[in-house]
Amino acid sequence: MSVSKSVSHDGVPISIFGAIRKKYFATPTDIVVSSILAVLVLWLLANVIDWAFVKAVFGAGRRDDCLAAEGACWSVIASRWRIVLFGLYPFEEQWRSGVACLIMVIVAALSCVPYFWNGKRLLGLWLSGFAVFYVLMRGGFLGLTPVFEQNWGGLALTLFIFAAVCILGMPMAIVFALLRRSELPWISRTMGLIIDTIRSLPLLTIMFTFAIVSPFVLPDWAVGDKLYRVIVGYAIFFACYQAEIIRGGIQGLPAGQEEAAKALGMGYWHRIGYIVLPQAFRNALPPTINQIVITFKETSLVTIIGFFDVMASGRAASGTAEWSFAHVEVYCFVALIFFVFVFSLSRYGAYLERRLGVGRR
Amino acid sequence: MTEHAILIRNMNKYYGSFHALKNIDLEVKRGERIVICGPSGSGKSTLIRCINRLEEHQSGDIEVMGTMLDENVDHIDEIRREAGMVFQNFNLFPHMTILENCILAPMLVRKIDRVEAEKTAMEYLARVKIPEQASKYPGELSGGQQQRVAIARALCMKPELMLFDEPTSALDPEMISEVLDVMVGLAEDGMTMVCVTHEMGFARQVADRVVFMADGQVIEQAEPETFFENPQNERTKTFLSQVLGH
Ligand SMILES: Nc1ncnc2c1ncn2[C@@H]1O[C@H](COP(=O)(O)OP(=O)(O)O)[C@@H](O)[C@H]1O
Ligand SMILES: [Mg+2]
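In order, the protein sequences belong to chains A and B. As numbered in the numbering used here, residues 1 to 361 make up the first sequence, in order. As numbered in the numbering used here, residues 1 to 246 make up the second sequence, in order.
For reference, chain B alone in the conformation it holds in the complex:
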């Protein structure tokens, strides 16, 4: 077992001729919780989506849970099994019930039988506090409930690592805390987490490290204490005054 959950070395990503990520170096240890923030368009989503190959990087290395992310399809599958992902828009499967959403991948990918998969799914649904909605369809749930299901669905794969891409940005304000509570609980259980979010309260509470990005580069990274009280870079200061200032 390697000590690192994620290891990114000198990674570059282009969309056509547009240089979206520039020489990214990033390490995430097992059990570590990282918050990534930065202005819109700075490449946060792109970075997190490169980690499970929803986007392909052009140069440099990405290693996840000791597996090198390269052209080998088995490696990609391996990494996707171990890294759960939660999206801004939930992306639940609308034609399946909540329970079916949660058992599909464990049954197909992990080859777990239905009874076992349903048992696990109900445990995680209880953990995100909506076991009673199991037989409903996503469209019948509120945004906050859907996002909690999305988290449960990812957890049902028993991942080693969870990636969050602005999980609360599409939610009505009154629903943000129910999702953050689940994420805090997950952090307390020792899950390795990489969260793109602008919830600075969450960052202070659970993050081991905050990473600030701008223009496709990692500008600065530090423990929350240092990051918020004593930012080094001018752009970090401007950004913080914008998100904290209001």
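Chain A on its own, in the form it takes in the complex:
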């Protein structure tokens, strides 16, 4: 924190207390406001610690202790965490679901390594990670018992939907953005109309349309599992937003960039792949990370279509008569899971921005 690094005007480091006094207790008004806020914060913190730790009940299967205790009942998590993470996935096979989640996290972590920072490697990494994830979850070969999609659930399902939407949606977004800026007016107008229409619809409507309505419209062979229909719908929704983000990034480029590439004899796809998109993504990095974070959070909407994502599984974990009193604790746990993912994503985004800024200066 900057407080400990503060220096006084003559450059001599001053103590933490000195810095605090200067920053928060300089004038009488400061003193009053700071004191009141400090007391409030300490009081809140004390209550939370008291509830979450001091008076809390830890360890599996201690329902009766929980009912007697005033604090949090973490016992519910210890007893029911498997439902939150894996949903209705068969108990003996849940290790597969766990490994699959781990692989997704590893893939995400690997994408942070600069070695993977080009389109081909990134796509290769995500596709192979996704394939391993799918094989582990679905089974049916390599001696793994098949587990059908309707039994997937919990964190594993959330990660699956999220990864599938990103992998499918990102290339679509690029295509949409390129069509949107096509030199042929009827192509760019049509694409613009499609993008604007889909963006003006709520995500939930799109999910419903794809999950429930589309089977009546589509030919049988194209219907597929409800899960995949939702993913396709969500991916199109994602692509429409992301396409506009990419288009913004492209518009931020000086016209001279594409002209220089043309003058060097580079064809359309070379210009797009080597000059336009890499720079557009750099320009559009903050909104892109933002879009990905939102996409992760909004996967929880699939509960409404009847999927058992981490949110719905959480509700199921405290849904039995045995544990229904402990739903707050379960929601805290689910919130913590979301927080860990979203917070690391946004921290990583901030790091990327700093790092990519270097080449531009």
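Don't take each hint at face value.
Stated by the list, open to error - If you only want the chain B side, here are some residues facing chain A, beta carbon under 10 Å, derived:
id: 1; residue: HIS95
id: 2; residue: PRO106
id: 3; residue: MET157
To be verified - Here are the computed distance ranges between Cβ atoms for each label pair:
id: 4; chain 1: A; residue 1: PHE343; chain 2: B; residue 2: LYS158; range: 46 to 54 Å
id: 5; chain 1: B; residue 1: ARG110; chain 2: A; residue 2: LEU123; range: 24 to 32 Å
id: 6; chain 1: B; residue 1: TYR15; chain 2: A; residue 2: ALA335; range: 54 to 62 Å
id: 7; chain 1: B; residue 1: THR238; chain 2: A; residue 2: LEU122; range: 54 to 62 Å
To be verified - Below, simulated DMTMM-like cross-link-like pairs (lysine to aspartate or glutamate); rule was C-alpha separation at most 25 Å, straight line:
id: 8; chain 1: B; residue 1: LYS136; chain 2: A; residue 2: GLU258
id: 9; chain 1: B; residue 1: LYS22; chain 2: B; residue 2: ASP215
id: 10; chain 1: A; residue 1: LYS262; chain 2: B; residue 2: ASP77
id: 11; chain 1: A; residue 1: LYS262; chain 2: B; residue 2: GLU27
Hints listed in this document are in silico derivations from the structure and should not be mistaken for laboratory results. Just so it is clear, CB atoms sit at the ideal spot from N, CA and C, and this is done for glycine as well.
Put chain B with the ligands on the given structure of chain A with help from the hints.
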């Protein structure tokens, strides 16, 4: 092999209803060095950008290195490979190092392998006197250095012809000569060059012919000697007194 590097016959260019180039006729022989000058807005950039199809002309013929510039995409690609271009604003690719800037097009367009492309690139970077900057990014270089890289990048494609559009206009005065020196060296090696520039010293020193444009027309063209000492057209005289007079 044709004798002409560029052959423009009765060419017209419109921006919407605005007639930007009017009945342009221009010949550039192989190995010839042309300087184009004229007041701002007279169509110099437009003309030079029509030569490699950064702008499309509406009528007349443009032939570059014996290839007719028409709707055929192969012809356009062919011409762009043979004509290097240097812009006023350098237009280096900011997300790539200097070396990557220089090897990208040779590898993608000429299909040269990386080792060979890097070797060529280092030769040209040495020629523009900045081999030591190869691993830096454009943003870390001065304007004059960036423009020299831009010249090296164009040369790495081994073009038959070089087009310059006011290559020193965006530079601080103290950096102009380092870029002009490179261009003079290029001229001495026999490169065919078409340069839009207001550097009249450069024109006197290397140009075989100076072309004066105004209002989208070629008003007058002559050898530098004649052009500077004995201009025929009234507008040329006015222009020269402005750029030389100060
Ligand atoms: N993209 C364009 N759209 C419309 N008009 C243009 C465009 N580019 C140039 N012009 C017009 O064409 C004329 C010639 O421009 P230009 O070739 O850039 O002149 P120069 O390079 O001699 O200063 C100018 O009047 C300019 O306003
Ligand atoms: Mg110009």
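To see whether the hints hold, each was checked on the structure:
1. Taking 10 Å as the C-beta contact cut-off toward chain A, the hint placing HIS95/B at the interface holds, the least distance being around 5 Å.
2. Here the hint on PRO106/B is kept, as its CB sits about 9 Å from the closest CB of chain A, short of 10 Å.
3. For MET157/B, the interface hint holds, since its Cβ comes within 10 Å of a Cβ in chain A; the closest pair sits about 6 Å apart.
4. Checked against the hint of 46 to 54 Å, the pair PHE343/A and LYS158/B passes, with Cβ atoms roughly 52 Å apart.
5. The beta-carbon spacing between ARG110/B and LEU123/A, approximately 27 Å, falls within the hinted interval of 24 to 32 Å.
6. Taken as a hint, the range 54 to 62 Å holds for the pair TYR15/B and ALA335/A, whose Cβ atoms sit roughly 58 Å apart.
7. Hint check: THR238/B to LEU122/A, Cβ distance near 59 Å, so the stated range 54 to 62 Å holds.
8. Pair hint LYS136/B plus GLU258/A holds up; C-alpha atoms about 21 Å apart against a cutoff of 25 Å.
9. As the CA atoms of LYS22/B and ASP215/B are separated by approximately 8 Å, the hinted pair is consistent with the 25 Å bound.
10. With a C-alpha separation of about 9 Å, the suggested pair LYS262/A and ASP77/B falls inside the 25 Å cut-off, and the hint holds.
11. Taken as a hint, the LYS262/A and GLU27/B pair is honoured in the structure, with Cα atoms around 24 Å apart against an allowance of 25 Å.
The structure is consistent with each of the numbered hints, conforming to all of them.
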